Amino acid sequence: MKKLLLPALVLVILWGSTGCNKWAADSNNIYKTVQQAGKTVSDSVPLSGSIRGTMLQGKTYTIDSNIIINQGDTLMIQPGVTLNFRNGAALVVLGSLFSEGTQAAPIYMTVLGVTKNNTPGLSLTQDSAHIGLWGGIIGGTTCPFMVIKWTHIDFAGGSYGNAIAAIPQVNQSAGTSYNILFQNVNGYFIMEDSWVYGGTDDCTRISCGKVHVFRNTYEKCGGSGGDCVNMKGGTVGTVAYNFFIGTAYNGQKVSNKGQAVGAPQSDVVMYNSTFVNDGAQVVPGQRGSTIDYEQGAAGAFFNNVAINCHVGYRVVNNPVADTSNLTYGYNYQYADSVDVANQFFTFGPVCMKPQPTDLPLPSSYLPAGWNYESPSQGSYDGTPVVQKLNPMFVNYPLPANNHGFYPWQNDAIGSADFHLQPTSPLIGKGTTSAVSPLVVVPIDPVYGATEVTPPGADLGCYQSNGRGNQH
Amino acid sequence: MMTPEMLVLPTNLRSKSTTQMSKKLLCFLSLMAGLACLGAQPLLAGGIKGKVTDKTTGEPLIGATVYLENTKYAALVNLDGTFSLKHVPAGTYKLDVKYVGYKTLEQVEVVVTQEGEEKEMNFTMESAATSVSSVIISGNGKGSNDQSARTMEKYAANVENLLSARAIELSPDVTVGNAMQRVSGVQVLRGSSGDGRYAIIRGMDQRYNNVLVNGIKIASPDDKYRFVPLDLFPSELLERLEVIKALTPNMEGDAIGGSMNLVMKEAPSNFLLTANVSGGYSTLFSERPFSAFYHGGISQKSPAEMYGNSYTATSANFPLNNLHYYDKNNPINSTVGLTVGDRFLNKKLGIIISAAYQNFYRGSNSQFLIPSAQPNAVLPTAAGYNTNPQQPAFTDAFDRQYSTQTNRFAINNKIDYVIDRRNKISLYNFYVHQNEYQTRYTPDSTIGTNSSASSISVDFQNRSTWTIQDIYNATLQGVHDLSSKVKLDWTGAYSIAQKKVPDQAWYDWNGNVNLNSNGETTSIDSTTYGAGMNRLWQHNQDKDLAGYLNLSYVPKIAGKDVTFSGGGMYRYKTRDAYYNEYSLVPNYGTVVPFHSIDSMALVFNPTSGGQGSQTAVNYNTYTGHEKVAAGYLMAKFMLTHALQVVGGVRVENTQEDFTTNMPYNSDQGYGTIHYTDVLPSAHLKYALTDDQNLRLSYFKSISRPSFAELDPYHYIGEFYDEIGNPYLKHTRADNLDLRYEWFPGVADQLLLGVFYKDLQNPIEYFVTRNGGPSALFIQPQNVSQANNYGFEGVFTKYFGMFGVSANYTYTHSKVTTPKLLYHYVGTAIRTDTVFQSRPLQGQAENIGNISLLYKNPKIGLDLQIALAYTGNLIAQVSPYYGFDIWQKAYTQLDFSGEKRITKRFYFYAKVNNLTNSPNRLYIKFPYGQEYGPALPYQTSSNVTNVERDIYKLSFLAGFKFKL
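The listed protein sequences derive, respectively, from chains A and B.
Each residue of the first sequence is one higher than the one before, starting from 0 at the first, in numbering that gives the first Met the number 0.
Each residue of the second sequence is one higher than the one before, starting from 0 at the first, in numbering that gives the first Met the number 0.
Calculated directly from the structure, the hints in this document are not laboratory data.
None of these values were measured; they are calculated from a predicted model.
Idealized CB from N, CA, C, for every residue including glycine.
Any given hint could turn out to be false.
With the Cβ distance kept under 10 Å, some of the chain A side facing chain B (calculated, not the full set) [claimed, not checked]:
no.: 1; residue: V282
no.: 2; residue: G377
no.: 3; residue: T430
no.: 4; residue: G447
If you want the ones that stay clear, here's a sample from chain B, every Cβ over 12 Å from chain A, calculated [stated by the list, open to error]:
no.: 5; residue: Y72
no.: 6; residue: I297
no.: 7; residue: S482
no.: 8; residue: T521
no.: 9; residue: S564
no.: 10; residue: V602
no.: 11; residue: F603
no.: 12; residue: D720
no.: 13; residue: L820
Work out the full structure, taking the sequences as your base and the hints as a guide.
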């Protein structure tokens, strides 16, 4: 026995000192808190009225009529939850909302039994996207946190109706039909990696607040009018890496209109967003289709991409944006037709100064000394840049097949893929230094922004290094 | 038959000593008025001269005939009550005096001893109906002519001004609203057709003044004001118009500026028949046609009312008929009036019926700039930053054309029955029905957000509005002398008023005007895109039931008559309102050019927007009640032989409630409000001489918010949307009045007065921002405190066939309210709060009227020219510092005349707005161009013009028949 003991000991020592280190790797199973507010929400009966607590992972909830998160209450939605709205119901947020989807298990807020119709050239009533089938997410003036991550918001845009309009913290008219509303100047609006499909008016209306809107996809938003991310007086933050297709009016717009006493001046930094076929309901000379800086708004916009949009980027001069505190450049535009190229620098009450960093190079098609402060219709000929500098998308050949319609009547993503091919002229043309994000929200995997993606080296929302928009 | 001794009373109406001073002042004032003081005595070559007056009231009997039997010598009594028979040869004559409605004086013997001798003879006449009318009018006097109006002002226990039926008839005014501006201290607010609609008394907004008909408040069809709009009443139905500026305890306490009492015609003592017919024209329509819309087939009910609130309407529910227009060239205005009255059953039963029909085509051309919801912040580096860190911005320039056809039918009926000398009852009925068809055409050049130096985006809009208004009122009254010392009167009143706006429809489309570098138009594209269509159904109804009871007792205390009176009233008001607006947008996947409303595809987006549960369930649809209970005690006595005291206290309790059709648990969805006011008052009248008074009055009064204001409504306004305020408090005021009065001639007067008002919680309409950041709203709100004081002067003088009447009011008021300042502080833009003082909204510092009158009874010619001046005033209060919108002072000149053709037929003519006075609004701020394009309609570099309304001259001429 003793003879055996020694060699065994040696063996153990040998094995222990040199052998399988793998076993030493700490393997633990410590309980991790699943973010959950108060009690759980039951999925056994359709929901209506006041709501708070946690919607559990993977469950499906039916909402029969308006649900309201009261002031001071919180609704936590775990990954993989589906909310089916019925009867035009809405989610009213007077307290806090955390919609915490993940890439693997996104959250769905939708209506059952409706199909998406990708046919181009539909009228509003022919397209299920623009009917307004539920009331959307309605933030009140008391909402401190609205966090929306990896969440699909489909077919919203129904009228709020009188019962919601009458809530003093909502203070809207019954006919208001924004998909998402946020209006607390001291609150945080965080929206990341989410999708919005359809709408009848502004998709996201930020009356005021601290915002972080990153890496989202907006498809067919707006109806007979409406901007996608429409920010008013008292809004501060960053809006970046978003993708827009088939909007009614602008993708990203900011104004200082309605700045309340004590509210900060609107100051929003925008970079690396991509706009495709936008501005279906826009009349050139009157409105924009991509990025708009309006009355008294400060900020910056760089590295953006616009493909066949009805009207190009705009800095409005009546009433004038805060041009003394607004910088921009490295913005790219592409046109299949001369009509689109003629609106790269639109006319009317605008004052956007051509930048030598813009693509295509403004001096290659604008006349020398072109009056950018009050441009008139037809003041330049865009022919030289028609179909120039093809962005080389993975699956969206240009010039596009518009099926006999205007580009902006081709408003669905379908099977298209707007990531860049390695040969794209947009790669490496962005600035990473001329602009930096304006971070005003907490950084936290649950109770804040997950990631503030810095400006990318490639133009637009899809980066060749895999960062940026993850859709 | 009276004997001459009984009749011919040498009436020395006033002592000669009546102040040379005053006479001088009078002359001075008449010179000031632009007339030569011709002196009171008509020059006589010789003959008989004198005055003819009413035996009981002392009023001159203008137009009475004085003649010598069997001779050619005859004369008519002038405006000042005088007559003269000239060049009468020596001899003995029989003199007769005749006047309609009076007992004729016959065969007064006159001896003229020699040619050239001036004989002075004064006559008084007795009314043929004295015995009846003294009961009928029960101490109220009639006031249907100017002279008796003056007499009533003189004897009134409180401070008041009167306008007689005769004065209204002779004035250029067809409606009571326009006539009201002839009264001292009154300015009228004109509606979009230029007609006076509401009255501002002594600088107090219309909300502070109540309107009574025969002393009774009647329901209003207006959805915003609690009192009846004055333009609903044809002026010819009026016996007289009273403006009472100091309230006694027996009057309802809700008047701070004053109380307007429309006293309707009563049954005459003898058969009466008058008729008139006239035609007229507004010269506005010689420049452009009158635009009319097809109103046949308009549905009185909305789709939701027809099929229920769960029904989802589509564009098929909205026929486009009323959005089709046609021109009417040179439309002719017409009026027809008929009054018949008589007394029956031994004169105990009196009946009078007055009917009037008016059909008017009116309009205005209006230019208006819409201030942007937010001004521009001037850069700190810019010149002028230190003085003006913010600058107004404008979003739209409207150019609007209104075409309004109004047809109105009104019946006024009074039946009275004199049971015996001590008891009388009467029933008064009033019915008015009005249709108004209004077309508003708006080419709106959007000058702000969507326009530049190179192109102007134009939003065109056509709107058709049919407004139906009905009022019915029945008032049953009784007056009983229970004993020689105790009197009782009672009133029961029922009134119902409704207003309907069925299917108000409008649609918008957009066009583009392209400009070259010189700002000249190079091309216009009016088909850019169609913007949408709206359809609105709105109606409301007010129903009032009211009862009044007054009792007076006149005992002798310390040898003097003391009148004690007391009484009360109760009113139960029910109001219903309905509002349902549909909004449709073009149904295209992208922008499509606009060609006509018929070819535009329209849809509700979201689809649920067509459902009554979305459109008809709102704060504008509600039912409300108001219950007012009031009681008072009052005493009236002569403290000395010259000092009259009237005083007492009134208590009013108000209970209000409203319930909207909003879902349960809706904020402000329903509510109740109640309050009780104790309203003391004291009125002293000191008779300096027979014809001079000094008055001192104190009274406390209130003003209730209008019924609709308390409901949290949201209406589309003409320029701004409007929202209600259930937290609005009622206004209370302490009022002090001091007035000197002098009635030198039979119809002459001089009134000088000062007033002071201290208001708690006055209500002002502020422009506020609520909800969306781009949305400006007008909302009634309380200001904690305001003062209002001023001076008032009235002067009337007649010289033979000429008369001049003038009044002037100076008013000063002040409120201080918080305002926003939108400006750069360093490099950031900030919105701050600052305080600014200003006059009360709608209050003009200076207002005045002057009218000249010529009356020649001999040839039957009356002429009047009237001028009304209203000074600068704040029309709209802005939320931003220094950007209040002011109305520019304006002067309106009107003319009227009447000529007798035969004994019973008269020709008359009225011409309004001779000088084509526009209504102009401006901001006291110079508009700089560095922050926007050049503005249209600008004339001055010191102010920014924001509105200009043009009405043009209009005239009316016709014939009148009097039996």
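Where does the structure disagree with the numbered hints, that is, which hint numbers, in rising order?
-> Failing hints, ascending: 3, 4, 8, 10, 11, 12, 13.
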